[in-house]
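Line by line, the protein sequences are chains R and H.
When we follow the working numbering, the leftmost residue of the first sequence carries the number 1, and every step to the right adds one.
When we follow the working numbering, the leftmost residue of the second sequence carries the number 1001, and every step to the right adds one.
If you're looking for bench data, these hints aren't it; they were derived computationally from the structure.
One or more of the hints may lead you astray.
With a cut-off of at most 25 Å between alpha-carbon atoms, the simulated SDA-like pairs for lysine to any residue come out as follows [stated by the list, open to error]: (1) H:K1300 / H:D1266; (2) R:K274 / H:R1323; (3) R:K169 / R:E189; (4) R:K13 / H:K1300; (5) H:K1249 / R:E12; (6) H:K1002 / H:K1300; (7) R:K89 / R:T234; (8) H:K1002 / R:G275.
Chain R stretches covered by chain H per the calculated footprint, using a threshold of three residues with CB under 8 Å from any CB of chain H [unchecked claim]: (9) 39-51; (10) 55-66; (11) 81-94; (12) 194-206.
We treat Cβ as the ideally placed atom computed from N, Cα and C, and that holds for glycine.
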Amino acid sequence: MSDLLETYVRPEKNPGTACKGCGLRLAHRNVLEAIDELKLSTGDVVWGTGIGCSGRQTFATWRGDTFAGTHGRVYAMATGLRLALPPEKRLILTVGDGDAFTIGFLHLLNAARRNVDMTVVVFDNLGYQSTGGQYGVTTPLGSRTDSSPYGAWEPNWTQGGFDVLRILKEAGATFLARHTVLQGHEPVESLKKAIGNRGFSLVQLIYPCVTHFGVQALETRNIATVYDWFRERTSDDLAADSNTHFTTGIVHDAAGSRPEFSVAVRDFVASVQKGGSRGGTN
Amino acid sequence: MKRIFDTGNAAITEGAIRAGCNLFAGYPITPATEIAENMSRRLPQVGGYYLQAEDENAALHICNGGSIGGLKAMTATSGPGFILFADAFGWAVSSEVPVVIVNSQRVGPVSGITGAPGQGEFYLSRYLTHGGNYETIVLAPASVQEAYRLTVRAFALAERFRTPVIVLADQMVTDGWETLELPETDDEFAALGLEVVPRRINPGPEFYPASDEIDVPPVVLGHNTGAACSDWTPTDRGHDTEDITWQHKHAWRLIHKIVNNRQLIDEADEWFLDDDPEIILVGYGTPSRVIRSAVGEARKSGLKVGGIRLISLWPFQSHLFTRTACYLVVELNWDGQLVREVERAAADGSNVHFWGRCGELPSMAELLDTVRQLLDNEPLQRDGWRTEKW
Chain R
1 MSDLLETYVR PEKNPGTACK GCGLRLAHRN VLEAIDELKL STGDVVWGTG IGCSGRQTFA
61 TWRGDTFAGT HGRVYAMATG LRLALPPEKR LILTVGDGDA FTIGFLHLLN AARRNVDMTV
121 VVFDNLGYQS TGGQYGVTTP LGSRTDSSPY GAWEPNWTQG GFDVLRILKE AGATFLARHT
181 VLQGHEPVES LKKAIGNRGF SLVQLIYPCV THFGVQALET RNIATVYDWF RERTSDDLAA
241 DSNTHFTTGI VHDAAGSRPE FSVAVRDFVA SVQKGGSRGG TN
Chain H
1001 MKRIFDTGNA AITEGAIRAG CNLFAGYPIT PATEIAENMS RRLPQVGGYY LQAEDENAAL
1061 HICNGGSIGG LKAMTATSGP GFILFADAFG WAVSSEVPVV IVNSQRVGPV SGITGAPGQG
1121 EFYLSRYLTH GGNYETIVLA PASVQEAYRL TVRAFALAER FRTPVIVLAD QMVTDGWETL
1181 ELPETDDEFA ALGLEVVPRR INPGPEFYPA SDEIDVPPVV LGHNTGAACS DWTPTDRGHD
1241 TEDITWQHKH AWRLIHKIVN NRQLIDEADE WFLDDDPEII LVGYGTPSRV IRSAVGEARK
1301 SGLKVGGIRL ISLWPFQSHL FTRTACYLVV ELNWDGQLVR EVERAAADGS NVHFWGRCGE
1361 LPSMAELLDT VRQLLDNEPL QRDGWRTEKW
C-alpha cells in the first residue's frame, strides 16, 4: 500500500481524514490496486469525484488531473469531458450511493444510455453518512438511522426484488459489478475489467461505515463487530437472497457490444464533414 | 460582408461558430429551441459536437465538463431552463471555467407565456447561483446584428475572465428577423471590434492565483498538469480547503477580477445626454429600440429628452447615472427590476420612474405620453415604481 500511495496519491492528501475504521480506505485502495495492476500511470487517468464521504475523501488525492462535480452531476460533466479527452485516457469517478443512485440517477442513466466511456465506482456506505447518517436507497430495510428512528421502511433499490444495477443494465451500461470491500482481491479484478471497458462501467463497492451506520443501525462502534456484520452478509452468489445478503459478482459484462459514445460522435461528425447521407447542407 | 436575412437565433449560432464554439449541449425550450436546432446543423460541419441533454441542469454540466477538457462550450435556454442552471453556473463561477449561456427571456414566472418577450431575469442573471462571493458578466443584445456581435464577445470575455458569460436576450431578439451582416474575412471581423481568444492551458501548479489578473489560462484536464478543480473552496493549487483565509482570497478574486477590469466589459449607448436633458429614458434589449425612437421623436418636438441603453448589464454601470435627472426606466416586466438598480445608482435629487409591461412592447406614443406628463408635472397614474397603479 505504501508504494501505491507514493505512486498515485498526493502527499498532502495522505493520510486522508476518514473516520477511524472507515471502510472507504479499503475501497480507495482497491481502485488504486486495479490501476496499478493495469500498469496505468498518473497521466493515463483523469479522476473525478462527487459529494459526500467518497468525494471528500478522494478528491484531489490522485496525483494526476482531478475534478469534483456538484452533487449528482459529475456523470453529465464526465459526458462533456469525455468528448474532449483522447479515447485512450481513462476516466474514473469515485462517488457515493446517494450521488449515483438518487440525486444523480437521471444523469447516470443517460450516461449508460449513451455508453459514455467512464468507470463509475460507487463507494456505497448504505446511506448518507457524511451528513450524520440518514437512510438512502441502498440502506437495508429496517435500519435505524438519524432520519429513520423507527427503522427504514421506504422501498429501496437493493431489496424486495429490486436491483439498481439491473436498471442500469436496461439503460445500456456495458459493465456492471457489485462487491464488498471484504472480498480480498475480487473487487480489484472487477475494477480492472470495468476500467478496461471502453464504455460505461459501474462497480458498486459496499463498505462499512462504523461512525454512523455502525452506531445507528448495528448499535455498535466496535470496528471488528461492524466488519463481521458486513462479512457475514456478503455472498459470492448473485442469486442469493438480496433481502438478507449483499449479492456480489459481475452482474453484466457486455464490453464491446455497443458503440462507445465519444467514438460514435466523432464518427458521426466525420461523416457529416464528408457530406455523408446523414449530413445536412447549409 | 455577407448579408443575409435571418433570426437572432441564427445570429447567435453563427456568432458562436465564428468564436470557435465546438460543444453545444441544450434542451429544447421556446423561444430558444432554434439555437439548438441551428447548432445541431452547424457544429458537425465545423467538427464540433452537439448534444441534447436530459435537462438543462445536465446541459450546463456537460458544457462545464467539455470546457475543463478544453472545448469551447455554449448552451441556450429560456427562463424555465435558466433557473435549472443554478447548480452548474455556480460550479463554473467558482472553478473559473469559460462557458457561454444564452437566455432568451419570455414571460414568467414559471412557464408563463412561451412565445412573447419578457425581462424577468435581470436579477436572476446576476445571481444565478447561491452563496454570493462572486460577480457576473451579462450582455444584452437589442438586435439580430448585435446578437451576433455579443455572442462572439461573450466567448472572448469568458476565456479572458475565466468565467461563465450570459447573453441575456429576449424573445423578440431571438425570434425576430432582420438583416444580418456576417464578416467573411478576418479584417471584416476585426473591424467589428471582435476577437477570438483561443483556449490556453494552465500549466500549473498555481491554478487559482489570489489576484485580480485576467488572461490567466483556465484549468484544462487531460494534459497531466496535476490540474484540480472542484466545487469546493480551492487553494491556489485547486485543492479543497476549509481554511477561511483561502476562502477570502478566492472570493476576492472572483469579485475583483471582474470589477477591476470592468472597462473591458462595460458597454452602453447614450443618446442626447450632452445638454442636461430633463428626462432620460433607460432600458436594454428590445424595449430600448422603442426608447431610441421615442427619444428621437421627442427631440424633433424640441423636448430635452435623452436615453441610455445598457449593452452590458452586469457588472452594473452605476457611473452612467451620476447626473441628477428624471429617469424613466422601461422594462418588459410589471415588478420593476432594472429600475431598482437605477434608483440605487442615480445621483441624489434624481427622480426615478418606472414604465413596465410584459409580453408586448410599449409603443412610442405611450412612452411619449408619459414623457409629456413628467415634463408638465402632471400627476402620473403612478407615483414612483413602488406604488404605481395600472
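Now the hints, each set against the structure:
{"no.": "1", "hint": "H:K1300 / H:D1266", "verdict": "violated (30 Å)"}
{"no.": "2", "hint": "R:K274 / H:R1323", "verdict": "violated (59 Å)"}
{"no.": "3", "hint": "R:K169 / R:E189", "verdict": "holds (20 Å)"}
{"no.": "4", "hint": "R:K13 / H:K1300", "verdict": "violated (71 Å)"}
{"no.": "5", "hint": "H:K1249 / R:E12", "verdict": "holds (20 Å)"}
{"no.": "6", "hint": "H:K1002 / H:K1300", "verdict": "violated (35 Å)"}
{"no.": "7", "hint": "R:K89 / R:T234", "verdict": "violated (33 Å)"}
{"no.": "8", "hint": "H:K1002 / R:G275", "verdict": "holds (23 Å)"}
{"no.": "9", "hint": "39-51", "verdict": "holds (count 5)"}
{"no.": "10", "hint": "55-66", "verdict": "holds (count 7)"}
{"no.": "11", "hint": "81-94", "verdict": "holds (count 7)"}
{"no.": "12", "hint": "194-206", "verdict": "violated (count 0)"}
When the structure is compared with the earlier hints, violations turn up for hints 1, 2, 4, 6, 7 and 12 and for no others.
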